[in-house]
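Colleague: Please put together the full structure from these sequences, using the hints given.
There are 2 protein chains.
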Amino acid sequence: MIQKEEISLWFQSLQDRICTSLEQADETGKFMEDKWIREEGGGGRTRILQNGNIIEKGGVLFSAVHGPVPAFITGENNSIKQEDTFFATGVSIVIHPNNPMVPIIHMNVRYFEMSNGIWWFGGGIDLTPHYVKEEDAHFFHNSLKTVCDKHDPSYYEKFKKWADDYFFIPHRNETRGIGGIFFDKLSGTDALSKEKLFEFVKEVGSAFAPIYTSIMRKNYQEKFTTENKQWQLLRRGRYVEFNLVYDKGTKFGLETNGRTESILMSLPSNASWFYNYIPRPEGKEAQTLTFLKKGIQWSN
Amino acid sequence: MIQKEEISLWFQSLQDRICTSLEQADETGKFMEDKWIREEGGGGRTRILQNGNIIEKGGVLFSAVHGPVPAFITGENNSIKQEDTFFATGVSIVIHPNNPMVPIIHMNVRYFEMSNGIWWFGGGIDLTPHYVKEEDAHFFHNSLKTVCDKHDPSYYEKFKKWADDYFFIPHRNETRGIGGIFFDKLSGTDALSKEKLFEFVKEVGSAFAPIYTSIMRKNYQEKFTTENKQWQLLRRGRYVEFNLVYDKGTKFGLETNGRTESILMSLPSNASWFYNYIPRPEGKEAQTLTFLKKGIQWSN
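In order, the protein sequence lines correspond to chains E and P.
Numbered according to this note's numbering, the first sequence spans residues 5 to 304.
Numbered according to this note's numbering, the second sequence spans residues 5 to 304.
Be a bit skeptical, because a hint or two may be false.
Identical copies carry no separate label here, and so any pair may be met within one copy or between two of them.
Here are the simulated DSS-like cross-link-like pairs (lysine-lysine), alpha carbons at most 30 Å apart as the crow flies [what the hints assert, rightly or not]: (1) Lys297 with Lys39; (2) Lys189 with Lys149; (3) Lys288 with Lys222; (4) Lys34 with Lys233; (5) Lys149 with Lys298; (6) Lys154 with Lys288; (7) Lys255 with Lys298; (8) Lys189 with Lys255; (9) Lys189 with Lys8; (10) Lys297 with Lys252; (11) Lys288 with Lys200; (12) Lys252 with Lys154; (13) Lys165 with Lys255; (14) Lys252 with Lys298; (15) Lys165 with Lys206; (16) Lys297 with Lys255; (17) Lys165 with Lys137; (18) Lys154 with Lys8; (19) Lys162 with Lys39; (20) Lys8 with Lys149.
By construction, these hints were calculated from the structure, which means they are not laboratory data.
Modeller: See below:
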């Protein structure tokens, strides 16, 4: 059976590789690192790049924490005993680019286990373009489908729908972006199924840098107007709304007394709200809104 | 017994008076109005002023809504029957000024009743300076204490503590601002107690415009630097965090399918987040942080 230490080490090396790739693509930006220790057990390495050439603000976080199972988890599950402990490790990424023509991206891979033997993997990648470009959306989803198809022919469809449902802002009746894949509590009963799931999660994690750096390089030199920039800030406002109101990771982090600056690295350098802003019909902004719906088929 | 229609009409006229006072103080800004109707019963008048001389974005909202008691309220209270209806009316205000030396302010007065005879008042006023000026903080709290003392010598202390506890951001270990007064579910058993509570709530509502326009006029011409402006945007980021993560009115509104643009008028035109920003010691920013604590005695 794969041990938690092996998974955690792999996630650490993934963080290293992704930071290197992003720095190379950005050309000038450098990640700074904050190492932190969690009082109840474990800790993490928070890496932040601010004011790069392409990336305005990006975080690539690794953590591996452990300790007594939090009360609000034991409370809802009778099979967990007070003396049980948990272990959780993962990599989380959010990148906010300077240029409104480059999309925001989010990636997460994570592993959770309890001393009672329960374990699972979770994660996903999703893209939030300020302006939806259909060719990028196709490339993004096709890339994710390729990753999924290698492991299980049912994965892409299932995890794409899961992302549509998860990255949704009910009070705006909008998806956060064009989705991607999302999965949680993937588990199994034997060593082989664990190995297979870990292989899948590794493939998702490894796919992030090639996919995003390709989208970065393709778009970062596009010209943009003040109106484009203003629209980017409004879209970032929606990103803030999703993350603070609905995102389960953020909620979990804030409620369990997590490291606030690491949890909220997902928020952009700046964001705007304008009362009842309605983009002019026929514009690219209005067109983008038509793509922020569940159930759009982006893969071939 | 005072009827709900009388309360609702008084709140409407309060909205009118406050908008007039704010426009006068601002000198150039004008409120625009959106009237809206709630499908399940009632509606409101959302008034927004954007890009004024002193006020960058401000909302003064009136609403009076009614209908079947929402399931999540009946669920937690056995004495409520399915056929019971509710009525809620109130005025809500948030003002974000241009100049970082002018504080953000929030005010709310509200009345709630159910067809089973249960009724209560709630509300409060609280101030969120980007830079805490002690003389303004004293003036603000002394004004509120005067309002409270006219009605009950225990009110100010009780409601000031309530505001400290309510307007608190646990994940930052900071209060949202310098507090003020907050009260909820003030009720009584007879006509006289209802009349007295309504008188108190009226006094709170009527105190808003004189207090805030005085603070506006005193500070709006102060010079400020780019650093001051940047700090204002970071403080606005905290305001967004409080409102989206903790504010009960916002949560209630979003969960009950309220009018999103009215609920989120409380968010500023723009806000910033900078990873792990620590103001230089001895600066006015660091000094302000020392004032964002519970339990500071601001009144004489």
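Colleague: Take the hints in turn and mark each one as holding or not.
Modeller: Hint by hint, here is what the structure shows:
1. Taking the closest pair of Cα atoms, Lys297 and Lys39 come within 30 Å of each other only across two copies (28 Å); inside a single copy the shortest separation is 39 Å, beyond that limit.
2. Taking the shortest Cα distances, Lys189 and Lys149 sit within 30 Å of each other inside one copy (20 Å), while across copies they are farther apart (54 Å).
3. Proximity of Lys288 and Lys222 under a CA criterion of 30 Å is satisfied intra-copy only: 19 Å inside one chain copy versus 44 Å between copies.
4. In this homomeric assembly, Lys34 and Lys233 come within 30 Å of each other (Cα to Cα) both inside a single copy, at 24 Å, and across copies, at 26 Å.
5. Taking the shortest alpha-carbon separations for Lys149 and Lys298, only the intra-copy value of 17 Å comes in at or below 30 Å, while the best inter-copy value is 52 Å.
6. Taking the shortest alpha-carbon separations for Lys154 and Lys288, neither the intra-copy value of 35 Å nor the inter-copy value of 57 Å comes in at or below 30 Å.
7. In the homo-oligomer, the alpha carbons of Lys255 and Lys298 lie at most 30 Å apart both inside one protomer (23 Å) and across protomers (24 Å), since each shortest distance falls under that limit.
8. With identical chains, the CA atoms of Lys189 and Lys255 are at most 30 Å apart both within one copy (18 Å) and between copies (28 Å).
9. Proximity of Lys189 to Lys8 under the C-alpha cut-off of 30 Å is restricted to the intra-copy arrangement: shortest distance 16 Å within a copy versus 50 Å between copies.
10. In this assembly of identical chains, Lys297 and Lys252 lie within 30 Å of each other by CA distance both inside one copy and across copies; the values are 21 Å within and 28 Å between.
11. For a Cα distance limit of 30 Å, the shortest separation of Lys288 from Lys200 qualifies neither inside one copy, at 42 Å, nor across copies, at 56 Å.
12. For the identical chains of this complex, Lys252 and Lys154 are intra-copy neighbours only, at 28 Å inside a copy versus 46 Å across copies, given an alpha-carbon limit of 30 Å.
13. In this assembly of identical chains, the alpha carbons of Lys165 and Lys255 lie at most 30 Å apart whether taken from the same copy (22 Å) or from different copies (26 Å).
14. Taking CA atoms no more than 30 Å apart as the test, Lys252 paired with Lys298 passes in both settings, with 19 Å inside one copy and 29 Å between copies.
15. Within a single copy, Lys165 and Lys206 get their C-alpha atoms as close as 21 Å, which meets the 30 Å cut-off; across copies the closest is 51 Å, which misses it.
16. Taking CA atoms no more than 30 Å apart as the test, Lys297 paired with Lys255 passes in both settings, with 24 Å inside one copy and 23 Å between copies.
17. When the C-alpha separation of Lys165 and Lys137 is checked against a cutoff of 30 Å, the pair qualifies only within one copy, where the shortest distance is 20 Å, while the shortest distance between copies is 52 Å.
18. Proximity of Lys154 to Lys8 under the C-alpha cut-off of 30 Å is restricted to the intra-copy arrangement: shortest distance 24 Å within a copy versus 64 Å between copies.
19. Taking CA atoms no more than 30 Å apart as the test, Lys162 paired with Lys39 passes in neither setting, with 36 Å inside one copy and 42 Å between copies.
20. Taking the closest pair of Cα atoms, Lys8 and Lys149 come within 30 Å of each other only inside a single copy of the chain (27 Å); across copies the shortest separation is 58 Å, beyond that limit.
Checked against the numbered hints above, the structure violates hints 6, 11, 19; every other hint is satisfied.
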